[in-house]
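Undergrad: Residue numbers (our numbering), protein chains in the order written: chain A, 1 to 497; chain B, 1 to 137; chain C, 1 to 777.
Note that these hints are calculated values from the structure, not bench results. All of these numbers come straight from a predicted model, not from anything done at the bench. Be a bit skeptical, because a hint or two may be false.
Stated by the list, open to error - Below are the PhoX-like pairs computed for lysine-lysine, each with C-alpha atoms no more than 25 angstroms apart in a straight line: (1) Lys-624/C with Lys-681/C; (2) Lys-366/A with Lys-355/A; (3) Lys-25/A with Lys-64/B; (4) Lys-366/A with Lys-26/C; (5) Lys-624/C with Lys-135/B; (6) Lys-536/C with Lys-159/C; (7) Lys-25/A with Lys-60/B; (8) Lys-552/C with Lys-355/A; (9) Lys-552/C with Lys-432/A; (10) Lys-27/A with Lys-448/A; (11) Lys-552/C with Lys-424/A; (12) Lys-364/C with Lys-437/C; (13) Lys-159/C with Lys-366/A; (14) Lys-448/A with Lys-366/A; (15) Lys-530/C with Lys-541/C; (16) Lys-366/A with Lys-432/A; (17) Lys-424/A with Lys-541/C; (18) Lys-432/A with Lys-355/A; (19) Lys-541/C with Lys-159/C; (20) Lys-474/C with Lys-56/C; (21) Lys-46/C with Lys-56/C; (22) Lys-424/A with Lys-366/A; (23) Lys-424/A with Lys-159/C; (24) Lys-707/C with Lys-196/A; (25) Lys-64/B with Lys-27/A; (26) Lys-355/A with Lys-448/A; (27) Lys-159/C with Lys-552/C; (28) Lys-27/A with Lys-60/B; (29) Lys-60/B with Lys-135/B; (30) Lys-355/A with Lys-424/A; (31) Lys-541/C with Lys-552/C; (32) Lys-355/A with Lys-159/C; (33) Lys-552/C with Lys-536/C; (34) Lys-432/A with Lys-448/A; (35) Lys-25/A with Lys-135/B; (36) Lys-432/A with Lys-159/C.
Stated by the list, open to error - Computed from the model, here is a short list of chain C residues facing chain B with C-beta under 10 angstroms: (37) Met-652; (38) Thr-659; (39) Val-663; (40) Met-664.
Glycine included, every Cβ here is placed at the ideal spot set by N, Cα and C.
So you can see what is in the structure, the chains are spelled out below.
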Amino acid sequence: MTKALLFSPVLIPYFTATLCFVCHKMKRTQRVLVVSGALLHLAAAIALFVQVRGHGIIAHTAGDWSAPFGITLVADLLSAIMVLVSSIIFSATVVYALFSIGEEEEHFFYYPLMHTLILGISWAFLTGDLFNMYVSFEVMLISSFILLGLRGGRFQMEGSMKYFLVNLLSSIFFLTGLGILYGYAGTLNMADLSVKLATADPRVVTLISMIFFVAFGIKSALFPVFSWLPAAYHTPPAATSAIFAGLLTKVGVYALIRSYTLIFVAEVEFTHQIIVVIACLTMLTGVLGAYSQSDFRRILSFHIISQIGYMIWGLGMFTQLALAGSIFYLFHHIIVKSNLFFISGIVQNLHGSYKLDRLGYLFRNKLVLSMLFFIPAFSLAGFPPLSGFFAKFLLVKAGVDSGAYWAVIIALFVGLMTALSMTKIWGGAFLKLRNHPVEGHEPPGGAKGMMVSVAILATITVLIGIFSGPMFSLAYDAATQILDRSVYITAVLGGGA
Amino acid sequence: MGELLILRFGARILVPLFLVYSLYIMLRGHNDAGGGFSGGLIAATALILYGLAYDVRSMKNLLKVHPVRVFGFGLLMASSAAVMPLFVGSTALTGMWIDFEFLHTHIHLGTPMLFDLGVFHCVVGGVMAIIVTLKEY
Amino acid sequence: MTDFLLPTIVFTVLTAFAPFFVARLKDRAGWILAIGPALFLAVLLKSAPGVLSGGKLTSSVSWISEVGINFSFYVDSFGLTFASLVCLIGAFIIIYSGGYNSHYHYTTRFYVLMLAFMASMVGVVLSDNLILLFVFWELTSITSYLLIGINHEEEANVKAALQALVVTAGGGLVMLMGIVMLGNIAGTLELSELIARGEVIRQHPLYFWTVICFFVGCLTKSAQFPFHFWLPNAMAAPTPASAFIHSATMVKAGVFLLFRLTPVLGGTEIWFRVLTSAGAITMVLGALFSLLRHDMKQVLAYTTISALGTITMLIGVGTEASIVAAFVFMVAHAFYKGSLFLITGMVDHGAGTRDLRQMGGLRKLMPITCTVAFLGVLSLGGMMPTLSFLSKELMLEAALHNHAVEKILPPAIVFTGAAFLAVAIRLFVVPFFGPLKHAEGAHVHEAPLSMWIGPGILTALGVFLGITCAGFGKEVITPVYNDILHGHGHELHFHVWHGVTKSFLLSLTAYAVGVALFFMRRRIFAAFEKVEGITKFGPEKGYDLFMGSIYKVASFQTRIIQTGYLRHYMMVTVLFALLMIGFAMLREHTPIPAFEWEMSYLHEYGIALMIVGGCVLAILANRKLMAIVALTMVGFGVGVVYVYFSAPDLAMTQVLVETLATVMFALVLAFMPPFRPLGTKRQRALNLTVAAAFGTLMSVLTWISFKLQASESISSFFAETSYLKAHGKNVVNVILVDYRGWDTFGEILVISIASIGVVTLLAHSVRTKKGAEVADG
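Turn these sequences into a full structure, and let the hints guide you.
TA: Now the structure itself:
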């Protein structure tokens with residue numbers, strides 16, 4: 001039973017996408033397939049999460065081989081959380097897309113590509129083998145690249161080419177790193193690597209880890225290699241950019257967290273100090289970038305970078321509380337950020353633009369939408385009692401605990417700047433009484449349906465804030481689990497190792 | 001189109017040969033150099049040859065179904081091979097083999113072969129889709 | 001505490017149904033909505049006897065107790081008094097809003113926000129847990145932000161709202177750091193427990209920074225110098241909101257917390273110096289500016305700043321007498337200042353203006369307003385027998401009996417008192433007496449009952465409590481004082497008249513100066529006009545500079561980092577990798593094994609030459625075809641390597657892939673743009689250097705890892721078990737479809753999606769091309 005459970009987050013979208021390919025001319029069948037596939041994925045993710053939460057790590061090797069030889073899939077608490085949150089976002093996106101995606105995208109495999117994207121993402125979270133993670137990255141990269149360029153057009157293509165080529169560079173680094181690592185350690189199973197590298201020369205491990213740091217760093221849009229993100233995320237339809245914004249960079253963050261807690265822990269005082277420095281720079285440049293923009297989605301895109309900084313900061317501090325903060329931040333952020341992109345899509349639907357200087361009147365005319373924007377926006381900015389506050393609080397507390405006051409000050413300053421740039425959107429698109437929407441733009445409809453996803457995610461944001469106690473213990477347990485490597489290793493390699 | 005005559009003649013002979021050979025390469029893969037991937041590549045090469053000799057449309061006709069469907073079915077086969085073992089309590093992709101005698105031959109069939117066949121289809125379908133589009137472009 | 005459940009629910013339900021009430025009852029909705037706070041007040045008053053006689057109500061639910069966050073409340077006499085004030089004033093202001101908002105746009109939103117603010121404010125004063133307090137604290141900031149900007153027709157209002165938010169929330173963030181540090185020092189975040197650990201906390205090395213953080217939080221919230229500038233701008237809010245938030249309650253949250261923290265952090269040198277000086281400066285500056293403004297709301301805003309400064313200063317002085325004076329003044333101020341704002345609203349409502357220069361003689365037309373205003377200015381001017389008079393006496397006493405401040409503070413207090421009196425006279429005499437003057441076209445009329453009832457009762461209470469101060473002091477102020485200072489058994493005695501003391505003489509001086517100031521007002525205005533330019537260089541300038549420069553820095557760095565050129569991004573990426581790996585490698589003790597030449601056969605050199613040569617050729621190629629051929633050469637070279645290392649499968653695949661790739665290249669060759677050297681020589685040299693450095697680095701890294709192999713590879717396992725377990729003799733293939741079938745499972749998907757990508761992307765451009773042709777035709 002657990003075997004089927006472990007593989008289903010990958011196999012369900014695999015099947016769905018495949019069936020969509022086979023019957024790609026039948027629109028209605030495809031829609032049914034897509035929605036039921038998404039819901040099944042959600043059900044599987046929930047079941048997996050419940051199982052892992054209740055009974056501990058699940059690890060099985062594809063093809064029933066023994067661990068380091070076959071490819072192991074592992075669901076520990078962190079993976080299960082990530083799969084669950086991704087699945088929530090995915091389902092919300094599919095619902096949102098049903099109301100907002102045009103015929104043309106639909107004809108060009110929009111839905112199956114969404115499924116392959118979530119497949120790659122779930123896969124990356126679940127795999128216990130570094131090379132296999134590379135494969136999942138490839139699935140993700142190629143799906144996302146096509147989704148980005150789906151509308152054709154110079155504007156989109158330019159963005160997606162930048163996205164693709166820089167990310168390809170990341171893949172090259174990743175692959176090179178894999179080759180070198182395999183040559184050095186003779187294995188790519190993560191648990192096995194953890195065991196074997198524990199006795200290896202720490203200097204060499206650190207050296208090799210740096211290649212992976214760069215590769216994953218590009219994926220998670222760290223300073224200074226984030227440029228691909230703001231270059232691309234404001235170009236595709238809102239549904240696409242929402243799922244990208246929520247999930248793609250988080251896979252990089254997950255990979256960083258996983259590899260730098262399980263594998264590359266030979267010289268924590270060196271590597272993780274670097275991570276802290278990079279994290280602070282990422283926070284700062286990201287938020288400053290956001291503040292300088294005047295396009296709804298470009299502001300949001302730069303914010304992703306800055307928020308990634310927070311998550312990586314928690315990893316860099318490398319204490320239980322800090323990691324719990326990072327994990328809390330991860331799931332809080334995924335939900336909030338996707339939601340903001342959803343809202344940007346609704347705004348575009350109503351006003352025909354993402355540019356703040358062409359927007360206005362929303363607070364007067366669209367009260368519900370305003371409220372639904374306010375919740376994730378101020379959660380992102382870290383205002384209590386919304387989820388973002390607790391995420392930030394945990395990290396700040398961890399920072400103060402470890403005495404890294406300069407980083408805490410940067411983090412708080414960035415929090416203020418985040419609020420500032422959120423009020424920029426609030427002021428520009430909602431409060432301002434210029435550019436009345438009726439002038440020349442007829443909303444194409446569908447906004448009501450799109451609001452469903454927004455409302456659900458906003459509710460989750462509020463609930464995370466209210467039930468931050470259980471949420472925290474969840475994050476804390478996950479952090480405890482990833483810090484105690486032996487649990488993971490035993491689950492994968494069996495008791496003897 | 002006289003200059004294509006030799007090519008067309010060659011294609012007539014070579015393409016079936018290539019296709020049979022690709023199947024052979026795929027099937028022997030488990031014990032010798034080959035496998036679904038290289039088999040698929042050979043088959044694709046054969047089809048390209050055909051396409052170069054005639055035109056894309058006839059190549060498409062030769063294929064009978066849309067290339068997207070070809071790899072669609074390939075993926076379906078591969079994922080079936082992955083899923084089937086889950087129903088008997090093994091993990092995904094676990095090999096399930098059946099041995100039986102058919103016409104006095106010992107037949108040794110298993111899910112890895114289905115998987116390989118899926119790979120074969122994916123490669124053929126994928127390459128075809130690319131070539132067809134490029135040629136039409 | 002369970003008593004509070006019912007009013008909380010009623011409050012929430014009423015708030016939730018506010019749109020309904022507003023739609024049905026229009027102006028009278030305020031009466032219904034006021035039931036929420038009124039009920040809460042009733043419950044507070046019901047529990048008052050118990051609390052004031054020393055019983056404390058507590059309730060605690062775990063929130064994130066692992067990090068010390070609890071949903072815990074704590075009602076002592078100080079919190080109770082404060083919460084009662086909030087509810088009392090709040091109820092009246094909600095009623096008032098009905099009358100005020102009758103011509104107003106966002107009535108529903110206004111009510112909801114006001115009620116939400118009220119709930120948050122009660123939360124601030126009743127929270128036990130500091131994080132819970134912070135949660136409510138920030139909620140008051142947000143609701144205040146929304147209320148200031150609710151009239152967003154004016155962009156100035158939006159700007160003022162943002163300013164208030166930036167200052168208060170920014171201060172809040174600093175305070176959050178202080179809270180965390182305090183929690184770490186004391187091991188608890190519950191105020192009720194912190195009080196007992198003051199000694200430990202003050203000894204701690206982190207005490208200094210902790211207290212600084214709290215200062216920033218409290219002083220920004222309470223609009224103290226140099227953060228005071230947001231408050232006058234916040235007057236953009238509708239008048240009831242200004243009255244409630246920016247005068248009676250929210251701005252007092254800062255001083256409230258200072259009161260609360262007195263036994264925890266107070267009594268030290270830094271506490272005394274910072275608070276006393278910041279408070280005194282604010283007090284004097286606020287008083288000064290209140291003399292110079294003409295808009296009634298602005299005048300009142302500056303007196304509010306001044307009053308808050310007074311309270312801060314008194315808390316800073318920190319003696320028992322000064323704490324009592326601060327508290328009494330705070331209560332008195334809450335009664336009259338909110339009311340005066342409401343009266344401003346009534347005058348504005350009636351006369352159509354708030355500018356003191358454009359009104360006069362309203363007494364006949366607005367008799368009730370005039371009466372209420374009289375009671376209000378009586379308190380503002382600190383006249384006998386109001387509560388505010390008593391508080392002025394107390395603060396003079398406190399200042400005179402403290403050696404550290406006896407020289408400086410009494411004159412400052414006298415000046416402030418004088419200014420307040422001058423303002424009070426002006427606020428009463430100018431609008432209501434003299435010849436009738438009002439805004440053009442205004443239909444001057446008396447305010448309705450809903451508007452005058454609140455200010456009437458509140459101002460009357462200010463006078464009443466002054467008269468009955470003996471009882472009030474015994475029943476309320478004594479327990480509050482004990483709770484603030486965490487002491488017991490000290491009873492206070494107050495009298496309206498306590499003879500001709502030094503402080504009374506000082507009060508008389510203040511009256512005299514105040515009256516003089518009133519009559520000299522025109523000369524003061526004239527003098528001020530000459531030097532008005534100086535005020536531009538106040539702290540607000542600093543705020544503008546800060547915001548402006550942040551924007552400049554942000555744009556600048558973004559222009560540099562996000563150039564829009566892919567080649568820059570690629571370069572940065574490679575440089576980053578170079579830096580990271582190089583940095584790790586160049587540390588001491590990195591093991592780099594000595595290089596040994598291991599190639600011995602001629603054909604090895606041949607293969608190497610083929611690959612390297614192909615690379616060089618590809619770089620040097622100036623035609624597409626040549627580049628493609630060169631790349632194919634590299635590919636085939638790699639294929640040969642596979643053969644050499646006896647991996648025929650890989651070799652075969654490699655060759656096939658290379659062939660196909662070449663075919664595809666051939667197909668698209670015609671569509672590709674011609675090769676053009678885009679970079680300058682210098683750029684290319686730079687590229688070459690970086691590429692060479694990176695290549696070298698990776699080679700060294702590869703060398704290190706292969707030479708210093710950490711453990712046996714798992715490859716041998718595959719070779720051994722391939723046939724036995726996986727029914728295959730060809731190891732490579734068995735690995736592909738069996739051992740690592742899961743990888744292949746993904747890779748076939750990658751191939752399929754990639755081909756879809758080609759299909760969709762090309763099909764698109766075909767179509768756009770066609771579309772373009774149509775458009776051209």
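Undergrad: Against each hint, give a clear statement of whether it holds in the structure.
TA: Structure-based check of each hint:
1. Lys-624/C with Lys-681/C: Holds, at about 20 angstroms.
2. Lys-366/A with Lys-355/A: holds, 18 angstroms
3. Lys-25/A with Lys-64/B: Holds, at about 16 angstroms.
4. Lys-366/A with Lys-26/C: Holds, at about 21 angstroms.
5. Lys-624/C with Lys-135/B: holds, 19 angstroms
6. Lys-536/C with Lys-159/C: holds, 17 angstroms
7. Lys-25/A with Lys-60/B: holds, 17 angstroms
8. Lys-552/C with Lys-355/A: Cα-Cα ~20 angstroms, so holds.
9. Lys-552/C with Lys-432/A: holds, 23 angstroms
10. Lys-27/A with Lys-448/A: holds, 22 angstroms
11. Lys-552/C with Lys-424/A: holds, 15 angstroms
12. Lys-364/C with Lys-437/C: holds, 12 angstroms
13. Lys-159/C with Lys-366/A: With a Cα-Cα distance of about 22 angstroms, the restraint between Lys-159/C and Lys-366/A holds, given a limit of 25 angstroms.
14. Lys-448/A with Lys-366/A: holds, 12 angstroms
15. Lys-530/C with Lys-541/C: Roughly 20 angstroms between the alpha carbons, so the hint for Lys-530/C and Lys-541/C holds.
16. Lys-366/A with Lys-432/A: holds, 13 angstroms
17. Lys-424/A with Lys-541/C: Holds, at roughly 21 angstroms.
18. Lys-432/A with Lys-355/A: With Cα atoms ~13 angstroms apart, Lys-432/A and Lys-355/A stay inside 25 angstroms; holds.
19. Lys-541/C with Lys-159/C: Between Lys-541/C and Lys-159/C the Cα gap is close to 14 angstroms, so the pair holds against 25 angstroms.
20. Lys-474/C with Lys-56/C: holds, 18 angstroms
21. Lys-46/C with Lys-56/C: holds, 13 angstroms
22. Lys-424/A with Lys-366/A: holds, 18 angstroms
23. Lys-424/A with Lys-159/C: The given pair, whose Cα atoms are some 11 angstroms apart, holds under the 25 angstroms limit.
24. Lys-707/C with Lys-196/A: holds, 16 angstroms
25. Lys-64/B with Lys-27/A: holds, 22 angstroms
26. Lys-355/A with Lys-448/A: Judged against 25 angstroms, a Cα distance of about 22 angstroms means the pair holds.
27. Lys-159/C with Lys-552/C: Roughly 18 angstroms between the alpha carbons, so the hint for Lys-159/C and Lys-552/C holds.
28. Lys-27/A with Lys-60/B: Satisfied, since the Cα-Cα distance of roughly 23 angstroms is no more than 25 angstroms.
29. Lys-60/B with Lys-135/B: This hinted pair holds, its Cα atoms lying about 11 angstroms apart.
30. Lys-355/A with Lys-424/A: holds, 12 angstroms
31. Lys-541/C with Lys-552/C: holds, 16 angstroms
32. Lys-355/A with Lys-159/C: Given that 25 angstroms is the threshold and the Cα spacing comes to 20 angstroms, the pair holds.
33. Lys-552/C with Lys-536/C: Between Lys-552/C and Lys-536/C the Cα gap is close to 21 angstroms, so the pair holds against 25 angstroms.
34. Lys-432/A with Lys-448/A: holds, 23 angstroms
35. Lys-25/A with Lys-135/B: holds, 22 angstroms
36. Lys-432/A with Lys-159/C: holds, 11 angstroms
37. Met-652: holds, 5 angstroms
38. Thr-659: Given a least distance of 7 angstroms, the restraint on Thr-659/C holds.
39. Val-663: holds, 6 angstroms
40. Met-664: Met-664/C check passes; min Cβ-Cβ to chain B is 6 angstroms, inside 10 angstroms.
Of the hints listed earlier, there is not a single one the structure fails to meet.
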